[in-house]
Amino acid sequence: MADISIKGLHKTYPGSTELATNNVSLEVAEGEFMVLLGPSGCGKTTLLRMVAGLDFPDKGSISIGGRDVTYLPPQDRNLSMVFQSYAVFPHRNVRTNIAFGLMMKKVSREELERKVKWAADLLQLSPYLDRYPANLSGGQRQRVAVARAIVMDADVLLMDEPLSNLDALLRLDFRAELKKIVQQLGSTTLYVTHDQVEAMSLSDRVAVMKKGQIAQLGHPITVYEEPADRFVGGFIGSPPMNFLDGRITQQGALEVGGQSIAAPEFLARAAARTGGTPVMVGIRAENISLEQRGSEGSLDAAVEVVEPLGHATLLTVDLGGQTVKVQVPATAKVSAGETVGLRFEQSALRFFDTETQLGLTA
Amino acid sequence: MAAPDAPAAARPHVPPPGPKVRAPRRKGSSAALLLIAPSIVFMTLLFGWPMVSGVLQAFGGPEGLTTANFTRMSQDPYFWSSVGNTLLLIVVMIPIQFVLALAMALLIRAKPRGASAYFYIWAIPLAVSDLAAGLVWLTVFTDRGYLNSLLASLGMQPVSWLAYDNYPSMFGAVLIAEVWRATSLVFVIVVAGLQSIPKDYEEAAGVFGASFWNRLWHVTLPLLRPSLQTALILRTILAFQTFAVALALTGQNFPLVVGETYRWYTGLQDPNVASALALVVMAVSMVTAVGYLKLLRDQTEAAR
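If you read the protein sequences in the order shown, they are chains C and V.
Residues 1 to 362 (the working numbering) make up the first sequence, in order.
Residues 1 to 304 (the working numbering) make up the second sequence, in order.
Hints were generated in silico from the structure; no laboratory data involved.
Ideal placement from N, C-alpha and C gives every residue a C-beta, glycine not left out.
A few of these clues could be false.
[Unchecked claim] A short, non-exhaustive set of chain V residues, derived as facing chain C with CB atoms under 8 Å:
1) Asp-76
2) Pro-198
3) Asp-200
4) Tyr-201
5) Ala-204
6) Gly-206
7) Val-207
8) Phe-208
9) Gly-209
10) Ala-210
11) Ser-211
12) Val-219
13) Thr-220
14) Pro-222
15) Leu-223
Model the full structure from these sequences, guided by the hints.
Put into structure tokens, the structure is as follows:
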């Protein structure tokens with residue numbers, strides 16, 4: 001087990017002028033589960049491939065456990081990896097697939113058998129050890145890929161969207177199982193996904209990537225509650241955070257859609273000096289509650305769509321020309337066309353600069 | 001039984017007797033017959049008929065069927081040496097060609113600068129006729145050829161490469177010419193096979209600690225097996241038929257089995273023995289192909 005230290009990685013793929021990763025630095029502590037999260041093309045897989053040694057950076061360095069591995073080939077890095085396509089060898093049966101890395105390391109026969117048995121038991125593959133991948137379901141192949149990775153006792157476990165090829169139900173099951181296994185192993189893990197729910201549920205820390213750079217790095221709940229910029233807030237969460245054009249008046253009120261509520265201290269103070277500033281207000285759907293229309297401290301809005309989801313009801317409302325998603329308890333009685341009052345939970349309000357889109361904090 | 005592709009609802013639970021059920025089936029089979037009729041006619045005319053007449057000729061004689069042609073064939077002084085030469089050529093040439101083709105294909109897969117140019121250059125011999133290839137190499141190996149000119153300009157003694165009493169150099173010349181001419185076939189098949197293997201497998205093997213040779217042996221070659229099998233069968237059958245290159249380079253000095261067929265037919269004017277020889281080549285080719293298929297059977301194939 002070892003930590004990963006990534007410093008100033010630049011990478012441009014041949015034939016492209018855009019940087020796949022642009023000066024990325026990241027420290028993954030020993031035993032930490034780090035998730036790289038981002039939309040496709042953000043450079044997260046490139047970063048993982050450079051840690052694996054499947055691609056080499058143009059500039060920067062990677063060290064694993066204090067050893068500089070930047071330009072070492074993958075076989076000299078003591079890694080293991082789960083591929084998005086699984087890459088389970090079709091010409092080897094389950095047993096020899098799981099044992100592949102151990103055979104390359106030339107471990108003794110007894111140890112090899114013991115480890116394969118342990119991994120097969122852990123991943124419920126014992127009945128299939130003599131089968132070939134062609135006779136396995138997608139979920140079972142996925143398990144073989146994970147088993148092959150965990151028998152290695154590698155310094156670092158890398159996973160490239162391992163759940164993306166599973167169907168929704170299987171993905172949910174296996175996500176929890178994967179978390180349990182990785183916790184048991186306690187290995188340093190770098191996990192790439194574009195699914196924010198996966199990132200939230202699995203990670204110790206998450207690095208949200210955008211256009212080859214890390215937009216925010218932190219504990220998943222922090223990233224969820226306090227997005228560093230508009231991109232992160234809009235990418236994480238379902239539905240994504242609401243963004244509203246607003247204004248802090250000189251009197252210290254927050255104006256949204258022609259109505260106003262109280263603004264936080266630090267913004268009010270600044271606005272008093274400058275004579276009012278435009279801001280972007282961010283608020284998550286679940287931090288908005290319904291009130292009687294016209295009640296004190298709430299904003300009137302017209303309900304446009306009502307979507308019952310079972311555990312809650314999702315409303316699309318119109319607030320002075322801006323669309324807002326509101327999540328209310330399933331018991332709430334609302335119908336489309338009604339006018340309601342919206343109360344924003346003060347502590348959950350986030351503010352962003354209208355120019356830079358970066359978060360504003362006290 | 002109803003047609004297997006009939007919808008389940010259309011299939012009667014208890015097959016009622018009479019022509020009612022059989023009628024559509026007969027109609028179906030006659031339509032199928034009609035559709036394959038052109039190919040049956042072509043196969044019969046262009047493949048079946050020559051083969052039957054060839055077999056009849058091989059066993060034909062003035063007094064009906066006989067094996068005398070085979071006896072004459074095997075008693076000919078050139079026969080066993082031609083068999084020996086052919087086998088020696090195959091045994092030495094095919095491994096060389098496969099190693100070369102594989103190396104070239106792997107180089108192309110590594111995508112060096114100008115990879116597609118290499119591909120076309122290496123595939124060129126595919127388009128060169130074997131007699132032309134033999135004549136090109138004759139200009140290299142003949143007594144006053146390029147090779148001896150080169151040796152002379154370096155101040156060395158010229159060698160009679162193709163002299164009948166210099167068997168090793170004669171064999172070497174035929175071998176080099178054949179390797180040059182026919183490796184591209186293996187190369188093209190192997191390149192096509194490699195392209196169908198996703199890079200993920202090799203990358204996974206690398207991540208799990210496999211060196212280049214381990215990756216090649218444990219991952220790439222097994223995944224390439226179907227292509228290698230095809231190339232091996234084709235190349236071996238074609239190697240049994242090697243003829244024009246050796247004829248152009250050595251005339252009669254390095255007899256090969258198919259060359260003997262040609263000699264019996266044109267030189268000795270005996271189509272019966274020529275047919276007998278051709279039949280032997282065909283039988284050996286078929287046995288080899290079946291042997292390869294059995295030997296290289298993919299154990300995962302049955303399951304797929």
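Right, here's what the structure says about each hint:
no.: 1; hint: Asp-76; result: violated, 47 Å
no.: 2; hint: Pro-198; result: holds, 7 Å
no.: 3; hint: Asp-200; result: holds, 4 Å
no.: 4; hint: Tyr-201; result: holds, 6 Å
no.: 5; hint: Ala-204; result: holds, 4 Å
no.: 6; hint: Gly-206; result: holds, 4 Å
no.: 7; hint: Val-207; result: holds, 5 Å
no.: 8; hint: Phe-208; result: holds, 4 Å
no.: 9; hint: Gly-209; result: holds, 4 Å
no.: 10; hint: Ala-210; result: holds, 5 Å
no.: 11; hint: Ser-211; result: holds, 6 Å
no.: 12; hint: Val-219; result: holds, 6 Å
no.: 13; hint: Thr-220; result: violated, 11 Å
no.: 14; hint: Pro-222; result: holds, 4 Å
no.: 15; hint: Leu-223; result: holds, 6 Å
Taken one by one, the earlier hints fail for this structure at numbers 1 and 13, listed in ascending order.
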